[in-house]
Every structure is written in structure tokens, then in C-alpha cells.
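Peer 1: Given next are the chains, with one letter for each unit.
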Amino acid sequence: MLGYLDAGSGSMIATAAAAGFAGAAVGAKMGWQRLTGKFKRGSSQEEASADEQDGPEAESATEAEVAAEDQTAG
Amino acid sequence: MTTTAGAVRSDEPASFRDPATTVFYDGDRVLRGLDAGATEDWRALAATSFFPRLVAEGKVVHTTEVDAAELGVAAERYDAVLEHERVPFISYPHEWTFEMLRDAAALHLEVLLAALDEGFSLKDGYALNVQWRGREPVFIDVGSFERAAPGPWPGYRQFCRTFLYPLLLQAHLDVPFQKFLRGHLEGFEPTHMRRILGGRNLLRRGVFRHVLLQAVMEQRVTSAAESTKQELAKAGYDLELTKAVAGKLLALVRSLRSRRSASG
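Keeping their order, the protein sequence lines are chains A and B. Here this note's numbering = 1-based position in the first sequence + 1264. Here this note's numbering = 1-based position in the second sequence + 2.
Since the hints were derived computationally from the structure, they do not count as laboratory data. It cannot be assumed that every hint is accurate.
[Claimed, not checked] Derived CB-CB ranges, DEER-like: (1) Ala253/B to Thr1300/A: 32 to 38 Å; (2) Phe1303/A to Asp69/B: 40 to 46 Å; (3) Tyr27/B to Phe1285/A: 46 to 52 Å; (4) Thr1300/A to Val89/B: 49 to 55 Å; (5) Gly1295/A to Arg88/B: 47 to 53 Å; (6) Ala1289/A to Pro21/B: 32 to 38 Å; (7) Phe1285/A to Gln232/B: 19 to 25 Å.
Note that the Cβ used here is the ideal one computed from N, Cα and C, for glycine as well.
Work out the full structure: start from the sequences and follow the hints.
Peer 2: Shown next, in the form of C-alpha cells:
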């Protein structure tokens, strides 16, 4: 819990290096996870934006189909 | 405020950092009110073997749980109340000698290492957690003990600022820390220490690891501390690494000497 203390995120990462080789390895692993996480987020955002682009067209197409069906039924 | 026993009750104005544990006085008695989470931590702490051992050795202030109802403390205010042994007087790190600050730093780390062995940690690393009983340092912030979670020790930065950097300043540059610490009660910033201990001083013991690295990382990393702690824990930062850091810090602190003190 870091409720009342400014532990400092940079200091926390520096602590890993201060722990020696094992700590440095943990710090490097975290850096790698951040890097790969950015790529994953980047690709998922691209997918999301592609969905958004498809979305309105798909919705309007569906609405047009429903309207055509109503007219046919009416 | 006056209690039923006629004693004057007052809150400690300096006890505002951790709202989970608040120090107050009842006449001459020093008391600490705990919230629900802190009460759980305290009862787990009291059941450990290291805590009574440290108290018996005089390294941690004597503490017992008292009946809040007997004190007339409103039950809705605290879940439990502790009573601490009263230390003779409160002093500040900028009033201490180099050796006093070094011994206090070493005690703080010894307490942390003993706690880590049984799955406990300290919430902070503030120099004021230690006071003096005669010539012996004593750890007084019992509210700082908590059950340890994976990830780095959150008190590392504060320990460096209030204990380690003042010691490095005097040990490596022969500059008395007291005047500087009096103007910076929260301690020295890593970036300032990096400027002070630049050049060939970077080769001196502890400077690269605890000053330069920390200053560089503080400038480059801007993510929230809580999320960074969780990320490091996920990457495998466990209590063994915290023990390694505390052990290296303890060896460093014990090795520091002041030329000023040696020359009398």
C-alpha cells in the first residue's frame, strides 16, 4: 500500500538495479513486458479503430435493410 | 479535551502522514489509534516471533494493546488502541551527529530485515521513525509495520533521502549534513545529490547505485508508483530481492565514516 507515501516509480525501478543481478534481471523483464505491452495495445487499438470504421456503415446498412423490409411489409 | 480520569487528551499534530494509525496523548501516556486494516496488521505482528524479540532487545519501543473503552475513546473512532513506552524526548535527525544518524539508519534496516524474514515490511523509511533512549537508538513507529506484499520496498526512496544521502554527503565530501537537513526535513532529492556527487565522486561507494541510478530513473519514469510496483511484482520482484537491497544498504551504511568525526 502506497497510500501516504510518495514511493517514486523511478526509485522503485532503481531499487531493482540496487538489488544486484537478480534485481536487474527483474527490471529488464518489466521493461520487456512494457515494450511488448505497447505493441499489443497498439495492435488492439488498430483493431478497435477498424471496428469503429466498420461499425457505422454496418449499422446504417442494417437500418436500411429493416426500412426496406418495413416498406415491403407495409 | 479532558478524560474521565482528569488527564488531558490531545492528538499528536505531527501524526498526520498515515491516517490508519494516529498518535495521541492521554496525560503522560502515548497512545496510537488504529483503523480496521491497521488493527489486523498489529494483531498479526504481535503474533510473530521477531517483534517481541526486537522489543526485548530494546530495538523497538515497548507496545501493548489497551482497552479503548477503559480509556473512554469512542469505539467508532478507532478499532484498537496501542500504548507505547514513552521515550525521554523527541529529537530530529538534523540535531544528531554523523554516528547517531548512521546508527539510526542501521537500526532501521535491521528492523526491516527482521520483519522481512517473517513476511512483514515497513511502510516507510523516514529517519524520524527512530528516536533515542540514552545512547541507544529505538524504532518508535510501530504503525509502520505491515504484512509485506511482493514488489519493491516503498520506503527505499525516503530512506535514501533522509538517512543515506546526508550520510554520503558527510562521508564522501566532508560536508556536515545538519544545516542542509534542517532546511530539507523530507531529505535530499536524488537529482540534487547527483549534481553534488557528480564527476569522480560517482565512483565512491554507494553513489552510482543509490544516487545516479535513482536520479536518472526518476527523471525518465513517470508512471504511477502503485502500477510500477505491481508491474515489478509481476516481473518477479519478491521479498528476497527486498532483503538483498536492505542487506546491501546495511553493509553500505555500516561502512561509512566521517573524516570530520575522526579528526575530533
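Peer 1: Now tell me if each hint is right for this structure.
Peer 2: Quick rundown of the hints versus the structure:
Range check, alanine 253/B to threonine 1300/A: about 36 Å between beta-carbon atoms, so the 32 to 38 Å window is met. Taking the beta carbon of each, phenylalanine 1303/A and aspartate 69/B are about 59 Å apart, not inside 40 to 46 Å as hinted. About 49 Å separates the C-beta atoms of tyrosine 27/B and phenylalanine 1285/A, a value consistent with the hinted range of 46 to 52 Å. Between threonine 1300/A and valine 89/B the C-beta distance comes to about 51 Å, which sits within the given range of 49 to 55 Å.
In this structure the hint that glycine 1295/A and arginine 88/B lie 47 to 53 Å apart at CB holds, the actual value being about 48 Å. Distance hint for alanine 1289/A and proline 21/B: a CB-CB separation of about 37 Å, consistent with the stated range 32 to 38 Å. Look at phenylalanine 1285/A against glutamine 232/B: about 23 Å separates their beta carbons, and that is inside 19 to 25 Å.
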